[in-house]
Structure formats: structure tokens, C-alpha cells
Amino acid sequence: MGEDIGAYGGAYAVTRGFLDEFGPERIMDTPISESVIVGAGVGSALAGLRPIVELMTINFSLVAIDQIVNHAAKLRYMSDGQFSVPLVIRTVTGGGGQLAATHSQSFENWYASVPGLKVAVPATPYDALGLFRAAMKDDNPILFAEHSLLYGMRGEVPDEWYEIPFGQADIKRKGNDVTIVAYSRMTHVALQAAAMLEEKGRQAEVIDLRTLRPWDKETVLESVRKTNRVVVVEETWKTGGFSGEIASTIQEEAFDDLDGPVARVGGLDVPAPYNGTLEAAAIPNSERIIKALSDNYGI
Amino acid sequence: MKLIREFERESERQYTRGNIKGFLHVYNGEEAIAVGAINTLRPDDYIVTHYRDHGQALARGMTSNEVMAELMGKATGCSRGKGGSMHLFSSDLNFMGGYAIVGGQLCIAAGIALAVQYRGDDQVVLCFFGDGAVNEGEFHEAMNLAAIWNLPVIFFCEHNLYGMGASSKETLVMWDSLHEMAAAYGMSRYEVDGNDILEVQALMQKINAEVRSGKGPAFVVARTYRLRGHSVADPADYRPEDEVDYWAGQDPIPRFRGWLTDEGIATVEDFEEIDASVEEEIVVAAEFGESSPWPESASLYDDVYTDRPTEGIPA
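Going down the list, the sequences are from chains B and A. Here the UniProt record's numbering is used: the first residue of the first sequence is 1, the next is one more, and so on. Here the UniProt record's numbering is used: the first residue of the second sequence is 1, the next is one more, and so on.
Do not rely on the hints blindly, as some may be mistaken.
Under 10 angstroms between C-beta atoms, here's a sample of chain B residues computed to sit facing chain A [stated by the list, open to error]: (1) Ile-27; (2) Pro-31; (3) Val-38; (4) Ala-45; (5) Ala-64; (6) Ala-73; (7) Tyr-77; (8) Gly-116.
FYI, nobody ran anything at the bench for these hints, they're computed from the structure. A quick note: this is a predicted structure, and the numbers were derived from the prediction, not measured. Glycine included, every Cβ here is placed at the ideal spot set by N, Cα and C.
The shape of chain A in the complex, shown without the other chains (with noise of 0.2 angstroms):
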């Protein structure tokens, strides 16, 4: 959690030196999620995301150098480049993909699933999103043909209240029992404490060994709050003061030290081996990154397709 907050916070230094461009969403006090939830797959199981993806992919094993330098744009980011902050892919990993389209995500979640299930395999298939995200319609479509053909995917939805400026509270009805959505799809659901990383790792433990035993698809809905903006653009003054406080006090990572202490199982020296641990790798990250080469610009033309541009299509 620790690391990717830090890769979070020089993230968004870079962003104002100008490092990295484009639109940067940051994953700032939503780690408890990422990391509690993705500590528990499988090597073989599949991650999809939104476009607030760094976390995950960190979560998921991707290296800060790879992520770092993608953000830059640089030749040795996880995409060459391609692909910026929203769009980060690890085959290896099967880490399938943070996705800028809002809701699109758990369209293309629900058929890997299908291809879990097509295969007869045990794979689940775990798809992030926000809440937001569940007043699209492609929510509603995914949703339904998961459970009507009982797909192994995990809807997970991170509820921190807002959309981009939107406060669910306004926008989605439900917004306050938001995992009962999905009674309507006959689904198991489960509501969580997003900023607990225990209790997000012991609820999918338990929901991926239903999900792996055929049971169906799930939905979650884990409580969590950005600490940050929607994205770096963003000071968030729509959001009152004292929910931000409120927030600001359930920091998932001050949370668990304090019961690692209270439990005996951590010091303030080993707290402090791992925040000096976590500086040197994002040093090198960002130096990784600022000395990387930029791709070279023939490599524009590269992946369009499988094969080489074939006739009509300018090489």
C-alpha cells in the first residue's frame, strides 16, 4: 500500500513538472482495495480495470520502473508508450487492461470469463470499477449475461461516492445500498469496508473459492474515499469539508499500522525500513523513467494491426 501511495504522490510531482501529460488519475487512499483484494488471486486469474489503474497494476506485480515510465512515455514503459496512465497491460500478469471508457470494462470482463468457462478452467476474473460506472448501461448488460450464463467474474465495485464531480448521492439511486443492485440480478452480493485490508482480503478469499466452484458471478461493493481529486486537473472543491475529514481519518495505511502495532506484528523501526524501502524505489523509478529514451516515431505505425499494413492502408 505504502509503495503505491509513495508512486502515487511522485506520480503527480511529475505530472506538474510536466513529465507526464495527458489526464492522471491518482489511487490515493483507495489501497486497502488493491492490494487486499488482489493478494488473494491466483497467478492465473484475471485483473480488469478502470482507468484509475496504477494501483492495481503495482498490486498486481507490474514493476514502478515499467508503470513510471509508461506514464512519461517513454520506449521502456509497459506499452512502449502507447497506452499513458489509463491504459496499462501486462500479458504475463494477466493484467487485462485499465480501461478510459466507463463501464466498457465489465463488458470485456464478463467475456473473459466466458472464455474461462469455455475452456472448463477455474480461473475468476476480477473487474474493477467505481460507482459511477453502474449508471451505465453496459453495467446493466454485463450484470445480466454474467449471471445468466454464470460467468466467473467478480464485479468490484470501488464506491467512493463520486464520479468524476458527481456525487452518487445525486446521480445513483441506490447509492446507499448500492450491493443490492444486484439482488436484482439474482447475484451474490457483499458490501465492505474499503480502508480495511483485512476484511477486503478474508471477503475474497471466500468469494473467489465461490466463484472458482462455479457458483456464479459476485458483486461487491467496497466503501473507500480518493484522498486525492478525480484526477491531478482536479482540486475537488465540490466535496463538503467535513466528509473529506472523515475520509482523511480511515487512511487505509495508518489504519493497518495501527493494528499491526496494536497486534504486536510491526514496529515504528520496521515501519520505517519499509518507507525507506519504498523512497529508494520510487527514486529509481522516477530516474528510470526521466532517462529513458522517447519510442522511435516509426513505432506509430506499429500494432495498428497483427501483420504490417497491408494494401490501402498508408504504410
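Chain B with its partners taken away, still in its complex shape (with noise of 0.2 angstroms):
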């Protein structure tokens, strides 16, 4: 159940027959209630449903935060395993699209922090069917932030069932000499950089972390301990964003395997701005991750 997700197809069109195909039983459209639509999808679970609700954008998740995080994370544990909250939460994350200041958030690290909670934040057509899937079949609570700018790109599934567990993340390209770690859109920035870098002469190695809550530590120090320089991207601010977690891990794990102090590119302290322009320096893009390398490592 959702804001528009039945009659109107979806606010991105993710749900666009839906209504048709499974009927307003299943299909339910919601009031404009963030705080009710995770209650009582909280609820619903609590009384042995599988419910999946939607937050038409994780901007709007705020309304809703309580929810989230003083009932849906929290009720097997408090209830000593009584009682479990078996809820998918999709949402829609990021920004680029000039939609301004309280339309272009990215909250999940925020969400990330939260025992009790699952985080995914794929990149690709084929990792969000895999992690969907697994999300589904998945007892815990768990918030699924697909990017909005990623709703238009294109990508093979295999016709077999797959699925991806969640804590595993993906090497997207393979190489030798600095590891790029990103999530969601910040993947395919990523995979430019490392064009850019293969250019003059250096092999990146980008791993797509797919999944915040759990995140794939043993991938990263890996790659990490064969480059020996690493550089975390992220889109939402750089103060208090997951990367920070991400590096500090790294630095207490592979110190020793560190040419230079762990690189964080994340998006500027500033709100969004409307403007194009703006919008897009606040971002990060592939000529910031060329130049925090050359400033950490001299690459």
C-alpha cells in the first residue's frame, strides 16, 4: 500500500498495472499518511501479513521515521522475539532531478545506523530484482531505496530465479590499483571515474556495496589490502554519511595496507539547490573522485 501506487500507476511508475493484474485487495492506495502507512503496515505484520508499503520518496520517510525506527526495528526485540515485522518499505532516494531542497534527500544511511532495520540501495536492474526478491522473503523490516535517477536505465535478467542476499556486495569492475567503494547511482559515477583512471594508466577496482545494513566489509578490506588505496562515494552529505563509517572501518582493519588516508567524496554540506548548475556541483561526479585520489595518493 502506498500514495498513488494503485490508480495512478505508481509516482514512477514502478507499480503501472499492478491495480489491474492483482485487484484492489492487494493494490491499496493510501491517504497522504506517512506515519499510518508504515503503523499499519507495522501492524499488519505484527498480525502474520507480508506487507509492502511505499514511501512515494524517503524525503517524506521522515514523516514516517518514528515508525520505522521505534516500531518496525524494534518490536521482535522488545517482545523477545514474540512478535516479528516482516515489512518491506520501498522508497525512492536522491536527487539530480531539481526537485530542490526537501525533494532530493538521500536518508539511508541515516537508516543504516538502526539495529533491528535492512538497508538496500541497488544500482542495477538485475540487483534490484535480486535483492527484492530476498527482501521479500526476508522477517525483518527492511528499507529498500531505489535511486530516482536509475528508474530509466536498462539491464538483462536471467529468466532462472536468482536472488541476492543482503551484506554481499558486487565488484562491478575488477583492477589492481585503487578500490572505489559506492552505492546506488554514485556506482555508475564510479564506473566513469574508473574509465577516466584507465585512461592514464590506472585499473580501478569498483565495488558496488548494493546493500547498507548489512554492508560487505570482508569485499572491501579485501580489495582494499591488493590496492592498498581506496576512495568511498557517496551522494548525500559527506558530514555524517555511511562513508564515514565505511573509511573508519577500513582505517581500524587495514591500516597497514593504506598508501594514504582513506578518500571520502560525498555531496556538499549544502542544501539542494534549485538550479541546475548548482544542483549538479553539489553532487558528487567522476572529476571529484579523480581529484581526492590524486590528494590522497598522488595518482
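Got two chains here, each in a separate frame; can you build the complex from them with the hints?
What follows is the structure, encoded as C-alpha cells:
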């Protein structure tokens, strides 16, 4: 259930056709009431259903953050396992569409701090499908954050069934000279940076985290031990971003393998402006990744 | 009612002794609501409530032992010490939780009712909250959704005239005709003397039948009063003396006992027998709690997720 998922076909057309195929008993258009969209999702999960709710964008999740963080994430724990919350919260994240400050944010890092939640941030159609199947089967509450600018992306998916477990990163490009860790749309920015590095004779290994909670620490560390250089790229504001968690973990556990400090590229610490040029300047791009690597590692 | 009253008195004593920590919100004075309403439910109906939840828990059938042990944070508590006073749960009894976020539980109750409706079942969901909660935005969201989707939920307001320390006369514009707020949602609405157990029971029987038959949600406002403060930490100095005195005279337990006596249904000896039995149960519960073991430290990580921690989460 969610706002405009039925008759409207979904604000981002994700659920187009669902109402015809599955009927109004299962595809429920709600009022504009994020707290009860999530809260009722939690309640129906407690009572044994396996609901999928949509928050039109992660910006609006702030209205429901109490239900997500205080209820969905904690009811199993506080009830000593008597109840579970098998709830999937689908939402849309990210900026770059000139929607201005309150419609362009990415809060998946905040939710990734919360014990009891799982957080998925797929960057490709293949990953989105595989992770969503895993999410639907999972008995824990999951925030599934789809990037608004990736909906137009096309990609091959196999006919045979497959799933992708949470906590398993994907090496989108192998390389020996530098590790670029990214997620969601920044994975593609990282791949652009890797292409630019290749022209300079450097091979970058691009790791797409795919999920933030849990996140695949071992794949990242293994890569850093090989390349000795790493930059973490993230769209949300650099201050307090999840890249800090990743960078900190890398320096704690692979300090001796680093040729220099872990580099971080994140959103600039400003609200998203409406103007397109200003907006783009605040979002990480491949030039900033190149510069960060040059600053930290001289390459 | 007597059991709840004595349980709460004991829990206040235990809190003062330092055996119960955190917040303790006792139910003294409101027992007619929990007992009167919950008595009318089927075992498969659902209950959602607030953080002042010991009364509802005991009325539903959770044991004094498991609740007292939970308040003391012991491994024998109903949540093995993981929930505490404000978060009592029993999946066996469809007791879906005490909730500490004011008003949040109404949205959850709407969701449980949605599940009932989805299955084509006929359980009702009884959701308790206070007059303070009416001011939360989630009240509006839950009431509106329940109304528009015709959900089988009874929104039951324990109107004790106060939020925490703020008088509803000063914070809730409709405080004196609170049940009329449901008119804004086209919802069936009722007002009842929350300290009259028979009135509460009779009304709930009527409402249950209506809601069960698919008539949609209902809103009940039961006038009542906290005989104690908001929590053990609160001496409730903000309440006028004449108001406190008036409501002490409306105590549901002597009122019901008076009626039972007048009707010739019970005698002083019957009451003494009940009191003795309750006292014994409470003594046993206190001893059970005090002598129970603490949870093992490894249980800290139990039930964060349904599976054990996966990669990336500290084990």
C-alpha cells in the first residue's frame, strides 16, 4: 500500500498495471499519511501478513521515521521474539532532478545506523530484482531505497530464478591500482571515474555495496589489501555520511595496507539548490573522485 | 480490579526499593476500563495499548509473576527483560504491545485491523490511548484511515484529563466533548463513565458486536482519573485538590463493591477472601521477581533480527 500506487500507477510508474493484475484487495491506495502507511504496515505484519508499503520518496519518510525506527525496528527485540515485522518499505531516494532541497535527499545512511532494520540500495536492474526477492522473503523490516534517476536504466535479467543476499557487495569492475567503494547511483559515477583512470593507465576496482545494513566489509577490505588505495563515494552529505563508517572500518582493520588516508567524496554540505548547475556541483562526480585520489595518493 | 490495584501498589514499592528501574506508570484508578472492556473480548481479538499497560496486561491474562519479573528486568519476565514496564507483549494472548511513543499505537492498531479485514476474519482490535494522545498527528492519520477503509478497530480513549502534567483543558480544544471528535471521521462514537465497570462492559459488548459485524471503527471516550501521578517520579502537584478529592470518591473498586453489596451479590467476607487471595498472589509475584535470575549477557544480541547477525553487523 502507498500513495498513488494503484490508480495512478505509481509516482515513478513502478506499480503500473499492478491494480489490474492483483486487484484492489492487494493494491491499496492510501491517503497522504506516511505515519499510518508505515504504522499500519507494522501492525499488519505483527498480525501475520507480509506487507509491502511504499513511501513516495525518502524525503517523506521523515514523517514516518518514528514508526520505522521506534516500531518496525524494535518490536521483535522488545517482545523477546514473540512478534516479528516482515515489512518491506520501498522508497525512492536521491537528487539531481532539480526538485530542490526538500525533494532531493538521501537518508538511507540514517536508517543504516538502526539495529533491527536492513537497508538495500541497488544500482542496477539485476541487483534490484535479486535484492527485492530476498527482501520479500526476509522476516525483518527492510528499507528498500531505489534511486530516482535510475528508473530509466535497462539491464539484462536471467529467466531463471535468482536472489541476492543482503550483505554481499558486487565488484562491478576489477582492478589492482585503487578501490572505489560506492552504492546506488554513485556506483555509475564511480565507473565513469574508473574509465577516466584507465586512460591514465590506472585500473580501478569498483565495489558496489548493494546493501548498507548489513554491508559487505570483507569484500571491501580484501580489495583494499590488494590495491592499498581507496576512495568511498556517496551522494548524501559527507558530514555524517555512511562513507565515514566505511572509511573508519577500513582504517581500523586494514591500516597497514593503506598507502595514504582513506579518501571520501560525498555531497557538499548544502541543501540541494533548484538551479541545475548549482545542484550538480553539490553532487559527487567523476572529477571529484579523480581529485580525491590525486590528493590522497598522488595518482 | 483488585489484583491490578495491588499489583500497582507493589510495583511502586518495588520501584522505591530500587528493584524496578526506568519509568513506571501505574494504572490505579482506571481499572474498570481495562477489566470491563477486556472481559468482553474473545481470546482471538487483539489488544494494543499505551505505556500504562500493566492493567490491560493483567486483565488480559498475563500473569503477575511474568509481569513483575519483566518490570524487574529478569530473565523470567514476559520479554526476558528486553521490554520493561512500557513494552509488555504476549503473542499467545494477542496482546500486541504496550507502546511508549504517544499515539503511535493507533497506527499499529489500524494495521492489525487491516490484517483482520484482509483475511475476511471477524476479530476486533481494541486500542487504548489517553486524551494526551489525541493531539498527536498519528491520531488523525489512524482515525481517518480506519474510517475510510472501514477497519474493525475500537479506538478507546482513557480520558483522565491530563497528558503527562498538562491539563487537557488547556491543550485539547475538544476536551469536554472529546467523543464528538469522531464526528469529523463519520465514526460511531460513545462516551462512558470509565469508573463504572458495568457501564464499560455493557457498552463494549454493544460496540464489539457492531464492529464485528463490519460496521466499521468506533471511538469511545471513557472519563476516568489517575489516582497517582503520571509516573512514580511525579507527585502530580499540578492537579487541584478538589479535583483529586472528587475522583478519589469515584474509585471504581469501592463503587463496584458497593453495588455488589447493595445487590446482595457479595458480602464483606467475599471481599476479604478476594483481598487475601490477591495479597498472596502479589507476595508470590514479588518473591518470584526478586529471586529470578538476570538475563544472560549474550541475550543482548538476541532478536535484533530474526536470523543471527549477518556480515557487517557486529556479532
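Tested hints:
1. Ile-27: 12 angstroms, violated
2. Pro-31: Cβ of Pro-31/B sits 6 angstroms from chain A, so the hint holds.
3. Val-38: With a closest approach of 8 angstroms, the Val-38/B hint holds.
4. Ala-45: 7 angstroms, holds
5. Ala-64: 9 angstroms, holds
6. Ala-73: At 9 angstroms from the nearest chain A Cβ, Ala-73/B passes the 10 angstroms test, so the hint holds.
7. Tyr-77: Hint holds; Tyr-77/B Cβ to chain A Cβ min 5 angstroms, cut 10 angstroms.
8. Gly-116: 6 angstroms, holds
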